[in-house]
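**Student:** Sequence:
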Amino acid sequence: MILRKYFANKPSGFYIDIGAHHPKRFSNTYTFYKMGWKGINIDAMPGSMKPFKVFRKNDINLEKAVSDIEKELTYYIFDEPALNGFSEEISNTREDEGIYKIINKIKIKTEKLSCILQEYLSADVKTIDFMSVDVEGLDLDVLKSNDWQKYRPKLILVELLNFESFDSDPIFVYLKSKEYKFYAKSQFTFLFTDTTLAK
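1356 is the number that this note's numbering gives the last residue of the sequence shown; the numbers go up by one with no jumps.
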């Protein structure tokens, strides 16, 4: 696992997981939680934080939707919760594939990541070791909602679907403009490091 190698011999740290989905299943942060790390888990799905409050009691667990503009969006709920998201195009494409179905659509108000961190990030946290973003089509909007002067994770994990020409992907271009560089990839997940900080 790339993350474990990157943070080898680091017994404690802090993460932010946006689109956390589940405290254990498909989680980029659960391994670190078991090691003694702490962090903030965010997911828009109503009721999603109930299992987090059981299995991730030492974390801050927030049922919120994140975007660069505070607005009301349609949230598409699938019979496979890992596919839930705000993108109408992605949701319809997945349903058309015939494996999973949209079972509900609800309106959810979004908040900026910078506002959420301003409210919930403790002053004791001096370093954000990594941030995982997986919100099925809204990843760039999530990144744009951060205050990069105040909150700079050492490492960012984000999904890029256009992996054949990822260097022209809007997310790649945006993170480069914020002084992050490509570090590694695992399937569709790309990792970027902060070029302004020492590891």
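Source of the hints: derived by calculation from the structure; they are not laboratory data.
Every value quoted in this text rests on a predicted model; they were computed, and no experiment measured them.
We put the CB at the ideal spot given by N, CA and C, even for glycine.
Each hint should be verified, as a subset may be incorrect.
Said to hold, decoys possible - Straight-line alpha carbon distances no greater than 35 Å define the calculated DSBU-like cross-link-like pairs of lysine-lysine that follow:
1) K1221 / K1191
2) K1264 / K1214
3) K1266 / K1210
4) K1269 / K1311
5) K1283 / K1266
6) K1335 / K1307
7) K1283 / K1335
8) K1262 / K1162
9) K1214 / K1266
As the list claims (entries may be wrong) - Just the calculated beta-carbon pair ranges, DEER-fashion:
10) S1325 / P1203: 18 to 26 Å
11) K1264 / P1168: 23 to 31 Å
12) D1253 / T1352: 39 to 47 Å
13) K1342 / Y1257: 35 to 43 Å
14) Y1257 / P1168: 32 to 40 Å
**Student:** Each hint should be assessed against the structure and marked as holding or not.
**Tutor:** Results of checking the hints against the structure:
Of the supplied pair hints, the one linking K1221 and K1191 holds, its CA atoms being roughly 24 Å apart against a limit of 35 Å. As the CA atoms of K1264 and K1214 are separated by approximately 28 Å, the hinted pair is consistent with the 35 Å bound. Restraint check for K1266 and K1210: the C-alpha separation of about 22 Å stays at or below 35 Å, so the hint holds. Taken as a hint, the K1269 and K1311 pair is honoured in the structure, with Cα atoms around 20 Å apart against an allowance of 35 Å.
A C-alpha spacing of about 29 Å is found between K1283 and K1266, which places the hinted pair at or below 35 Å, so the restraint holds. Between K1335 and K1307, the direct Cα distance comes to roughly 12 Å. Compliance with the 35 Å bound is thereby established for this hinted pair. Taking the CA atoms of K1283 and K1335, the gap is near 19 Å; set against the 35 Å cutoff, the hint holds. The straight-line distance between the Cα atoms of K1262 and K1162 is roughly 39 Å, outside the 35 Å bound, and the hint therefore fails.
Straight-line distance between C-alpha atoms of K1214 and K1266 comes to about 26 Å, which keeps the hinted pair within the 35 Å bound. Distance hint check for S1325 and P1203: the Cβ-Cβ separation is about 36 Å, which falls outside the suggested range of 18 to 26 Å. A hinted range of 23 to 31 Å is violated for the C-beta pair K1264 and P1168, which are about 42 Å apart. Roughly 40 Å separates the CB atoms of D1253 and T1352, a value that falls within the hinted 39 to 47 Å.
Evaluation of the 35 to 43 Å hint for K1342 and Y1257 yields a failure: the beta carbon distance comes to about 25 Å. The hint said 32 to 40 Å for the Cβ distance between Y1257 and P1168, and at roughly 39 Å that hint holds.
The structure fails hints 8, 10, 11, 13 (numbered hints given earlier, in ascending order).
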